[in-house]
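> Generate the whole structure from the sequences, applying the supplied hints.
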Amino acid sequence: MEDFDMLNVSGTMVSYYFTCKRKLWLFAKNIDMEQTQPTTDLIIGKLLNFERFKRERHKEIEIEDCMIDFLTFRGEVIVHETKKSKKFEEAHVWQTKYYMFVLRKYGLNVTHGVIHYPKLMRKLEVNFEDGDEEKIQNALIEIKQIVSKKIPPPVLNRSFCKKCSYYELCYV
35 MEDFDMLNVS GTMVSYYFTC KRKLWLFAKN IDMEQTQPTT DLIIGKLLNF
85 ERFKRERHKE IEIEDCMIDF LTFRGEVIVH ETKKSKKFEE AHVWQTKYYM
135 FVLRKYGLNV THGVIHYPKL MRKLEVNFED GDEEKIQNAL IEIKQIVSKK
185 IPPPVLNRSF CKKCSYYELC YV
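According to our numbering, the sequence shown is numbered sequentially starting from 35.
What you were told as hints is all true, and nothing was included just to trick you.
Straight-line Cα separation of at most 27 angstroms, DSSO-like style, residue types lysine-lysine; simulated pairs: (1) Lys63 - Lys121; (2) Lys169 - Lys63; (3) Lys169 - Lys55; (4) Lys153 - Lys121; (5) Lys118 - Lys157; (6) Lys63 - Lys184; (7) Lys197 - Lys157; (8) Lys197 - Lys184; (9) Lys120 - Lys197; (10) Lys118 - Lys63; (11) Lys184 - Lys55; (12) Lys184 - Lys169; (13) Lys197 - Lys118; (14) Lys197 - Lys121; (15) Lys183 - Lys169; (16) Lys183 - Lys196; (17) Lys197 - Lys153; (18) Lys118 - Lys196; (19) Lys169 - Lys139; (20) Lys139 - Lys55; (21) Lys196 - Lys55; (22) Lys184 - Lys196; (23) Lys169 - Lys120; (24) Lys153 - Lys196; (25) Lys157 - Lys169; (26) Lys183 - Lys63; (27) Lys63 - Lys197; (28) Lys55 - Lys120; (29) Lys63 - Lys178; (30) Lys121 - Lys196; (31) Lys120 - Lys153; (32) Lys55 - Lys183; (33) Lys157 - Lys120; (34) Lys55 - Lys178; (35) Lys153 - Lys118; (36) Lys157 - Lys121; (37) Lys157 - Lys139; (38) Lys196 - Lys63; (39) Lys196 - Lys120; (40) Lys121 - Lys169.
Quick caveat, the hints were computed from the structure, so don't treat them as lab data.
Below is the structure:
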């Protein structure tokens with residue numbers, strides 16, 4: 035577990051690991067194109083979280099290098115994430131599970147979370163299941179390997195690349 039503490043992995047990095055390893059590498063090298071050239075999707079996502087959950091008291095909780103959208107407490111800690119679309123739902127699920135993993139590391143009772151898709155008027159329950167901790171630890175090992183390389187992984191060349199804020203770094 036000590037190796038993972040030194041890694042400084044954010045939820046964004048975990049999400050990128052499940053979406054695009056090249057984007058993960060670039061982000062880890064402090065090339066954050068979403069800050070310099072935010073996409074419309076990113077801006078809409080931030081606005082949705084701000085506008086839809088105004089009443090939540092425990093918003094934007096920062097722990098280690100993670101920024102959790104909000105937490106609720108109903109006999110246990112429940113992690114909530116807000117996303118614009120479900121296009122990268124697997125990445126969203128693992129980002130949420132990673133937040134649960136981090137909170138559990140501090141001894142908190144966290145067994146599930148919720149991913150909110152306000153524009154779709156949908157939410158997805160996420161449970162921390164047997165084997166998730168091992169899968170996250172393996173992902174953290176791979177993330178460490180990816181970010182320690184001198185050159186980025188190859189371009190994916192998928193249809194979603196055209197809307198990515200890193201597009202110019204990959205294709206121009």
